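Undergrad: Following the hints, position chain B against chain G.
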Amino acid sequence: MRHFIFTIFLAILMAFHPAASSEAHAEALAPATGDVLLTVSGAITRSNSGDTATFDLALLESLPQITLETETIWTTGAQTFEGVRLKDVLDAAGVSAGTLKAFAINDYAVEIPFEDAEDGSAIIAYRRNGDLMSVREKGPLWVIYPFDQDARFRSEVYYSRSIWQLDRISVAR
Amino acid sequence: MVFAFTFLATISAGWIFLDLQRPFSDQNTAKNDNMVSVLSQLGIEIIALELAISQANRTPSTNLEQVRLRYDVLYSRLETIRQNSLYELAPENSATRSNMLELDAFLYRWLPIIDGPADELSAAMPALAQDAKVARARARNLTADALRLVAQQNDASRKKVSYALLWLACALILVVGFLALLAGAMFSLARKHEAQAQHTLDISEHIKAVIATAQDAVVVTDDTGKVLEFNAAASQMFGFAREEAIDRNIADLIIPPHYRDQHDTGMIRARTGQPSRILGKGQIQLEARHKNGLIFPIDLTLARTQTSNGTILIGFLRDISARVQTETDLITAKDRAVAGEKQKAALLAVMSHEMRTPLNGLIGALELFDKGTLDARHRTYLEIMRTSGETLQRHINSVLDMSRLDAGHMPVDPQSFDLVQLIDEIAESHSTAAEERGNLITVAPMNPDLHGVFSDPGHVRRILDNLISNAVKFTKEGQITVEVDCHRGLEEVEIRVIDTGIGITDADLNRIFDDFETVDTTYGRGAQGTGLGLGLSSRLAKFLNGTLTAVSEPGAGSAFSLTLPLSPTRRAPLIRPQFDDMAALPPMEILVVEDNGVNRLVARDLLTKDGHSVTEAVDGQDGVDQAEAHKFDLILMDISMPGVDGVEATKQILGGTGPNANTPIVATTAHALPEDTAAFYQAGMCGVIVKPLTLSKLRQGLFDADWSRGGGCSPDALIDDMQLADIRADLGPELYSQSFARFESEMHGFIFAASQEQQTPEHMAHMAQEAHRLVGSASIFGALGISRCLRLLQDSYTAQDTGKIGEQVDNLSNQCDQSLLILAPTVRSPSSGSTLKP
Numbered sequence: 008m009r010h011f012i013f014t015i016f017l018a019i020l021m022a023f024h025p026a027a028s029s030e031a032h033a034e035a036l037a038p039a040t041g042d043v044l045l046t047v048s049g050a051i052t053r054s055n056s057g058d059t060a061t062f063d064l065a066l067l068e069s070l071p072q073i074t075l076e077t078e079t080i081w082t083t084g085a086q087t088f089e090g091v092r093l094k095d096v097l098d099a100a101g102v103s104a105g106t107l108k109a110f111a112i113n114d115y116a117v118e119i120p121f122e123d124a125e126d127g128s129a130i131i132a133y134r135r136n137g138d139l140m141s142v143r144e145k146g147p148l149w150v151i152y153p154f155d156q157d158a159r160f161r162s163e164v165y166y167s168r169s170i171w172q173l174d175r176i177s178v179a180r
Numbered sequence: 030m031v032f033a034f035t036f037l038a039t040i041s042a043g044w045i046f047l048d049l050q051r052p053f054s055d056q057n058t059a060k061n062d063n064m065v066s067v068l069s070q071l072g073i074e075i076i077a078l079e080l081a082i083s084q085a086n087r088t089p090s091t092n093l094e095q096v097r098l099r100y101d102v103l104y105s106r107l108e109t110i111r112q113n114s115l116y117e118l119a120p121e122n123s124a125t126r127s128n129m130l131e132l133d134a135f136l137y138r139w140l141p142i143i144d145g146p147a148d149e150l151s152a153a154m155p156a157l158a159q160d161a162k163v164a165r166a167r168a169r170n171l172t173a174d175a176l177r178l179v180a181q182q183n184d185a186s187r188k189k190v191s192y193a194l195l196w197l198a199c200a201l202i203l204v205v206g207f208l209a210l211l212a213g214a215m216f217s218l219a220r221k222h223e224a225q226a227q228h229t230l231d232i233s234e235h236i237k238a239v240i241a242t243a244q245d246a247v248v249v250t251d252d253t254g255k256v257l258e259f260n261a262a263a264s265q266m267f268g269f270a271r272e273e274a275i276d277r278n279i280a281d282l283i284i285p286p287h288y289r290d291q292h293d294t295g296m297i298r299a300r301t302g303q304p305s306r307i308l309g310k311g312q313i314q315l316e317a318r319h320k321n322g323l324i325f326p327i328d329l330t331l332a333r334t335q336t337s338n339g340t341i342l343i344g345f346l347r348d349i350s351a352r353v354q355t356e357t358d359l360i361t362a363k364d365r366a367v368a369g370e371k372q373k374a375a376l377l378a379v380m381s382h383e384m385r386t387p388l389n390g391l392i393g394a395l396e397l398f399d400k401g402t403l404d405a406r407h408r409t410y411l412e413i414m415r416t417s418g419e420t421l422q423r424h425i426n427s428v429l430d431m432s433r434l435d436a437g438h439m440p441v442d443p444q445s446f447d448l449v450q451l452i453d454e455i456a457e458s459h460s461t462a463a464e465e466r467g468n469l470i471t472v473a474p475m476n477p478d479l480h481g482v483f484s485d486p487g488h489v490r491r492i493l494d495n496l497i498s499n500a501v502k503f504t505k506e507g508q509i510t511v512e513v514d515c516h517r518g519l520e521e522v523e524i525r526v527i528d529t530g531i532g533i534t535d536a537d538l539n540r541i542f543d544d545f546e547t548v549d550t551t552y553g554r555g556a557q558g559t560g561l562g563l564g565l566s567s568r569l570a571k572f573l574n575g576t577l578t579a580v581s582e583p584g585a586g587s588a589f590s591l592t593l594p595l596s597p598t599r600r601a602p603l604i605r606p607q608f609d610d611m612a613a614l615p616p617m618e619i620l621v622v623e624d625n626g627v628n629r630l631v632a633r634d635l636l637t638k639d640g641h642s643v644t645e646a647v648d649g650q651d652g653v654d655q656a657e658a659h660k661f662d663l664i665l666m667d668i669s670m671p672g673v674d675g676v677e678a679t680k681q682i683l684g685g686t687g688p689n690a691n692t693p694i695v696a697t698t699a700h701a702l703p704e705d706t707a708a709f710y711q712a713g714m715c716g717v718i719v720k721p722l723t724l725s726k727l728r729q730g731l732f733d734a735d736w737s738r739g740g741g742c743s744p745d746a747l748i749d750d751m752q753l754a755d756i757r758a759d760l761g762p763e764l765y766s767q768s769f770a771r772f773e774s775e776m777h778g779f780i781f782a783a784s785q786e787q788q789t790p791e792h793m794a795h796m797a798q799e800a801h802r803l804v805g806s807a808s809i810f811g812a813l814g815i816s817r818c819l820r821l822l823q824d825s826y827t828a829q830d831t832g833k834i835g836e837q838v839d840n841l842s843n844q845c846d847q848s849l850l851i852l853a854p855t856v857r858s859p860s861s862g863s864t865l866k867p
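Protein chains in written order, with our numbering: chain G, 8 to 180; chain B, 30 to 867.
Keep in mind the hints are simulated off the structure, nothing from the lab.
These numbers come from a predicted model, not from an experiment.
For each residue, glycine too, the CB sits at the ideal point set by N, CA and C.
Just so you know, nobody snuck in bad clues.
Computed beta-carbon distance windows for the label pairs:
1. B/Ala33 - G/Pro120: 47 to 55 Å
2. B/Asp148 - G/Glu78: 37 to 45 Å
3. G/Pro120 - B/Phe216: 49 to 57 Å
4. B/Ser83 - G/Glu78: 36 to 44 Å
5. B/Met215 - G/Glu78: 43 to 51 Å
Bound-form chain G, shown alone:
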């Protein structure tokens, strides 16, 4: 139920955000001018740096923004995460299907099913409690699921997908 409400909440946000419409991504992906935080490679149809799509903070912030408040097993108390949906990032890179593999700075890797992107549950957060996250604080990017909102995310499977210090996603067909 909570999940359902959350999904609706997301759907509404998406509907009203100017960047949410698919036409917005018809153009070529803008180049990343700042420090690259995330590199999406592999089976992508849109790129801005060779055959990869690279995202700096500005580029991420141009995508539909989302705020999620939840506790995690690695933190104490409720945390407010700001970021973008994984789906929006993949859309921006022109990915509509495939297998996702997410990598951390220390080369920790985990597979994220495409459905997690598709149903909008997986979020790539870059702000925690209003501040950008440093590497020491598991930044700069952290995959977060709405743990508090839906009990199904409070399992080992989703905890393992909640990769922190994310810097790469490779897409395989």
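TA: Then chain B, alone, in the frame of chain G:
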């Protein structure tokens, strides 16, 4: 009980299951598992840092950033561990805790250098490499410790799980057990239900069989008239097959067109639960229609019952065509026979009259002979002619009487008379004739009550005259005895005439009461009998509600026994003065209730001629209605009328509270048989006028009624003398005295209780009951005044009308004093018959 246990067991099993599920869903488990992976990564992160340091040692310019990044990753990793519950899990002063503190110390020792300028960091590389190596060993120890801790924790939770599983197993066994019990209970319940259903089915089958084989047609409909059941007898009776009738409306099947409206109204009444004229009223005679259109009479019994499908009506119908036909035939036959009898009687009467007139002439002429001028022979002839003439006259008179009796036209004049005196007179009158034959007539001493008896003395005299004269005739040198016995007081008085004469054979004894039967018998031949005497006597006895029987021993004598009721008929006038002065009748307002228009007209003409004003009612109901509306001085009531007959109408008028509840009512009837007359008096009528109506009969009837209005039927009378006489005769003096004494004391007791001040509802309810009981006692003693007062009191007590009670108790007390004053002497002189006279 079983349900409750099962419920409890299920609840506990559920709770255990939830408890069991907890370790699996516990976030801590996930956290711990996650922690193990985090810890295992810790060593790798330190190695990665060491790798970066060694690369930076070789080429510091390019790889310093890499050292910083690796440091940051390690930093975040340790941060995560610190946030984790492992801290709390690890006991104080344990190796785990100290390892963690050491690692923290390593991290914070190097933090300023890592964040510091590049040259300082570059210079510190060898020391950092050394320190990192130590940290790596610590991390390895920490990981091993943590793994052991987690393993221990997992072990504990596995034990918990196994306990929980054990409990769950127990609970499950319990649940299964209870479910088995429940299933057993359900099964037995189902068996019971099945048996019950079978029983119901059996009953239903029985009923079906009964209906199917019933001789009467049985038709069941719902409350709209739709046929639900139509048995074989019904099919037979109405010509519709069962399949044909089912689901059709009964009105379209068997209700004749002229009953259709009534039927529809009746169905509406049945539906709306209004009182019905047919439902539950027993057998009603109606008409029904056959499929072929034939209308025939039926007896219908209709019942209504409630079922789960609504109201149903069950009709039992019987074809009574044959019975009705037989009845009609019988009535026709009876009418014919009666008409024939009447014609015969009329013929006899006319014949007798026609013979009597010339005979009277003959006898009269014989008297005119001058006997002095005749010789002895002619004188003998003349005497023979005269005797023969007189005999013939007696015969004709007898025949006339006989025909009158048969036609019911014999006038009855019941009145009080002295039977003792009457018998003495008759015996005296026959004494000369008896002496001539050497006979002695003896009258046995009689009960003093017989001084005041009630019947028609003329008829009694004729019967006794006949019996004594017969006894004298058939006895020579013998004894004739007259005895009187009171069997049930004056209700049954037996008068015996016993002779020591020739007697009658058994064969003849059976015939002597038949008409003209004496002629051929020895008994008849012995003397000049009319042959009608005993027949006439027997008829007269019957006419007076009595019997005449005989026993005899040929050669030894005969005994004739006349048994008569001689006590006054209730409410009949005691002494009826003969009407002689029509001027004595004041003009009255008279209601004539008569369904025959001609009779009504005659009555009106005759009555208005005498100055009375007449109101007419065309039938019994009309009479009751008119009597309700207006007060009359007198009501003439025809007896046989359609609907409410005269007797019923009289009861309604006198029993009601209308203005005519005390008005004298005189019956006008064509059949004045004594038993009918008794019924009229019983209903409260004051007199009877036998039709056809004539002026003199009407005047006599009105006079009687007027007389009775003055006293006989008076509602104000204190004591009903006839009732009192009855009860005294019935109980006998001793029992009567006892009963009276008890009644007297009960009355005093009641009046005492009624005079008490306290008038609680319970007291009044009790007093109402007491009053009701005492009304019964008072009525037994004919204490009319007391009865009236008690009834009023009963009403007031029942209505709890305290305002009236006081006055009514005073009235009762007065009435009681007066009545008991009158009644008291009846106890002190029990043999007195004086109470018969008003």
